[in-house]
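One letter stands for each residue in the lines below.
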Amino acid sequence: MLLNSILFDFLAGLAVVSAILMVTRRNVVHSAVFLIGTLVATAGIFLQLQAEFLFVVQIILYVGGIMVLFVFVIMLVNLDVTLRFPQFNRQKFVAGALAIALGGQVFAAYWIGHGALHFKGSSSPMPAKNTEAVGQALFQHYMLPFEIASILLLVAMIGAVVMAKRRV
Amino acid sequence: MIPVDLYLFLSLALFIIGVIGVLTRRNVIVILMSIELILNAVNINLIAFSRMWSSVDGQVFAIFIITDAAAEAVVGLGIILALFRNRETVLADEMDMLKW
Amino acid sequence: MGHLIPQSIMPYVLPTFYGIIIVLLLPLVSGYIVLVERKIMADMQVRLGPMRVGPHGLLQPIADALKLLIKEDIIPTSADQLLFWFAPVVTVTMAMIALSGLPFGPAFQVADLNVGLLFILAASSLGIYGIVLGGWASNSHYSLLGALRSAAQLVSYETAAGLGLISALLLAGSLSMKSIVQAQNDQGVWFAFFVPFGFFIYFVASIAETNRAPFDLPEAESELVAGYMTEYSGFRWALYFLAEYTNMIVVAGIATTLFLGGWLRPFAREHSYFPGTSIEFLDLLPALIFLAIAGYCFWRTPRQPVYVQKLVMAAVGALCVLLAGTMAGSLFAPEAVRLGIHGAFWFIAKVGAYIYCFLWVRFTFPRYRFDQLMRLGWRFLIPLALVNVVGVGVGIVISQTWGLSPFFSQMVMCVPTLGAAFWLAASDKEGQSGTEVRAADGE
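Chains as they are written, first to last, in the numbering used here: chain G, 14 to 181; chain B, 65 to 164; chain X, -17 to 425.
These are computed hints drawn from the structure, not numbers from a lab. All C-beta atoms in this analysis are idealised placements derived from N, C-alpha and C, irrespective of residue type, glycine included. A portion of the hints provided could be inaccurate.
Listed next, with one range per pair, are the computed distances between beta-carbon atoms [to be verified]:
#1 X:R357 <-> B:M161: 10 to 20 Å
#2 G:L166 <-> X:L270: 32 to 42 Å
#3 X:I52 <-> G:L89: 47 to 57 Å
Okay, derived cross-link-like pairs now, EDC-like style, lysine to aspartate or glutamate, Cα gap no bigger than 20 Å in a straight line [claimed, not checked]:
#4 G:K178 <-> X:D353
#5 X:K411 <-> X:D353
#6 G:K178 <-> B:D160
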């Protein structure tokens, strides 16, 4: 139990600190590295919630795929001059205030209802073989969204190739 | 057992940080990365509830969200590359003229 | 010992111990793999290799390590200081984390995860960041280009490697490394013979995954200075080098577990005992192998030109006799000890054979140009891997519905996969040599 809460505190703190650093860095590559930190911490939280398949999928796909793509594009469009320009746009104060107001409202909603939701613990355990359960759900109940997602990925691949090609 | 509320608060914190990133930064790549952060916050929420109800449906939906995030990142970065070739800038403020 | 350790940390003691052993032994093992590589390269090129430092060059890795440690640590002034420091650390850490999922024996594994195989793949894919960030942080054109090329190569061949592994996973039915070896034990055939195409695809993809020749354009000495490692000197470069050889051990471990039967001895299900005892004939194989090596050492001892080399040969021979004695003696030990020692022997032997094939391929084939490399990955390996996965699936369905033996149905499905491989290789017009000459003829 103690290890559980220490682990959660560490991972949650790492995720939030990395996220704040990501949004505030001047150097875009540093932002990408901090986003990687957040994603790995999030993967750790998935593992703590007994979602082991999502833990590895998050690391292989998100960190090992999407973020590599981000880092590639950052290195291709990195202009050193942008390091000297202002990083935040003109509406930063209004936008920040609105975002915090939104956060405050949702936090108030959570606070009113806190303590109403509980993990049921070992009385109703997750399926023991997580990967198999996810696979069965994907291929039986959620077959149609699965096929639609594959068509979506195909369309995205073709679109990216078309857009990134040089017009010769 | 860690109460569910802590996971919801964590998800809310990441969500708000992502929203602030999208609304206040000028660099479009950082805007895209903040969108990924928002999607991750939603994923944490889904997995926490999936654990609470002891079913894998939440995890399946989170897989779909990761898939969609991949597709959207790919297309978004393609657009950024095309924009960069035409306008030589990656700052959102400066991409304000359709034709010059 | 259970009384001294509180119950709450008991499950963490043994894995931590194994982890510490792995981290301590790894630099030494990697250093000696480098020496073995240089000696085998020399032998294939009809020369002797390192002979000066220590008898037969046996102390060469220690000399290299000392040299790298005391070298000056040069950091370019315009380099990104934090990322420059961080990048080699990431690569080495991820390589060592990947090692922690490998099963060296039935009980010698740091952690047997339910998703063990995917965990190792995840750790390997995180190692790409060390390369990309290192190349970018060096603030040099050559480093950045080499890093981007290397990362593109790694990402492309990772897909092919994963698809090759899936064809073995379909037969194993589980992602936990221990269950995969158990499945090979239950089915009686190593998966390399069940799905030879999957093994071939994984072999080629793993050579590209570890940036080894003939896919080592990003880091070869005559190309692009040294790629992403250009600006790194001294111990930082040693970390990259260590990570590369650790990655070799990791992919060899994955291939051994999935395709070559892990810690099982050949013919693991044939039990033919010595009359009256419970000792099997085939279990004496490790001891016989060591005795053969010892015999060779003792035979060559008188022919050594230098006295020190004579001593070392005799010592190696004596060591082999000792190991043979351990292998034979453990047959009389309790079951767990016997399985542990013999399992570790067979695992290390198979990993060694796989790495020997890596070295062999390095000194045999010329280097691929980068566009040829990407073409091979995307237009040959990935389609072939997809066809292979479909073929293995169809084979499994055939064997289940019509009751044929699984081995026979997989061999049947190898035929269309072979046809697809030939068709893919023949239909790739731009990849064939002589294209430029044909175009220059004014067609």
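Against the structure, the hints come out as follows:
1. The supplied range of 10 to 20 Å is broken by R357 (chain X) and M161 (chain B), whose beta-carbon atoms lie about 40 Å from each other.
2. The supplied range of 32 to 42 Å is broken by L166 (chain G) and L270 (chain X), whose beta-carbon atoms lie about 54 Å from each other.
3. I52 (chain X) and L89 (chain G) have their C-beta atoms about 39 Å apart, which leaves the hinted 47 to 57 Å range violated.
4. Using a Cα cut-off of 20 Å, the hinted pair K178 (chain G) and D353 (chain X) holds, with the two alpha carbons roughly 16 Å apart.
5. Restraint check: the Cα-Cα separation between K411 (chain X) and D353 (chain X) comes to about 14 Å, which is no more than 20 Å; the hinted pair holds.
6. With a C-alpha separation of about 24 Å, the suggested pairing of K178 (chain G) with D160 (chain B) is violated against the 20 Å cut-off.
Hint check: violations occur at hints 1, 2, 3, 6; the rest are consistent with the structure.
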